[in-house]
Amino acid sequence: MKRRADALFALLLVVNDVLMVALAFALAYWLRKNVTPAAVAIAPFRDYAVMLVIQVVTMLFLYFFSRLYDVKRSMPRLDEFYHVFAATSIGTVATIALTTFLFKNSTLELDFPRVMVIYAWLLTIL
Numbered sequence: 001m002k003r004r005a006d007a008l009f010a011l012l013l014v015v016n017d018v019l020m021v022a023l024a025f026a027l028a029y030w031l032r033k034n035v036t037p038a039a040v041a042i043a044p045f046r047d048y049a050v051m052l053v054i055q056v057v058t059m060l061f062l063y064f065f066s067r068l069y070d071v072k073r074s075m076p077r078l079d080e081f082y083h084v085f086a087a088t089s090i091g092t093v094a095t096i097a098l099t100t101f102l103f104k105n106s107t108l109e110l111d112f113p114r115v116m117v118i119y120a121w122l123l124t125i126l
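Residue 1 is where the sequence shown starts when you use our numbering, and the numbers rise one by one after that.
Check before you lean on any hint, since a few could be wrong.
Calculated pairs, EDC-like style, for lysine to aspartate or glutamate (alpha carbon to alpha carbon, straight line, at most 16 Å) [as the list claims (entries may be wrong)]:
| id | residue 1 | residue 2 |
| --- | --- | --- |
| 1 | K2 | D70 |
| 2 | K2 | D111 |
| 3 | K2 | E109 |
| 4 | K33 | D47 |
| 5 | K104 | D17 |
Derived from the structure by calculation, the hints contain no laboratory data.
When you get a sec, could you build the whole thing from the sequences and use the hints?
Right, dumping it as structure tokens:
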């Protein structure tokens, strides 16, 4: 029974992370579009959908391999924050690299504004 509860808790953590990473990405887009003055027009949000999926998958992959979903492991809050910070930072860079390599010179190629990257990174950590 304990094992089943741990698996359910880990699944809830994954679902929560999917929702929060997607929300952070959407909020970063909104901040970039509505708060930060833009020199050029920003593309509609639907154009960033593929990038959002890559961001979510990359973060889940890195969180898993950083053992952030290991329910049995307990650690001090500061250590956990460090692990989240490190995994999110690596995930943000990996997302940029993946979108650049996968979509360069294609119809899905999209400019990922630097300010939006910073917003998404900070909001995902929070």
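- Please write out, lowest number first, the hints stated earlier that are contradicted by the structure. 2, 3, 5
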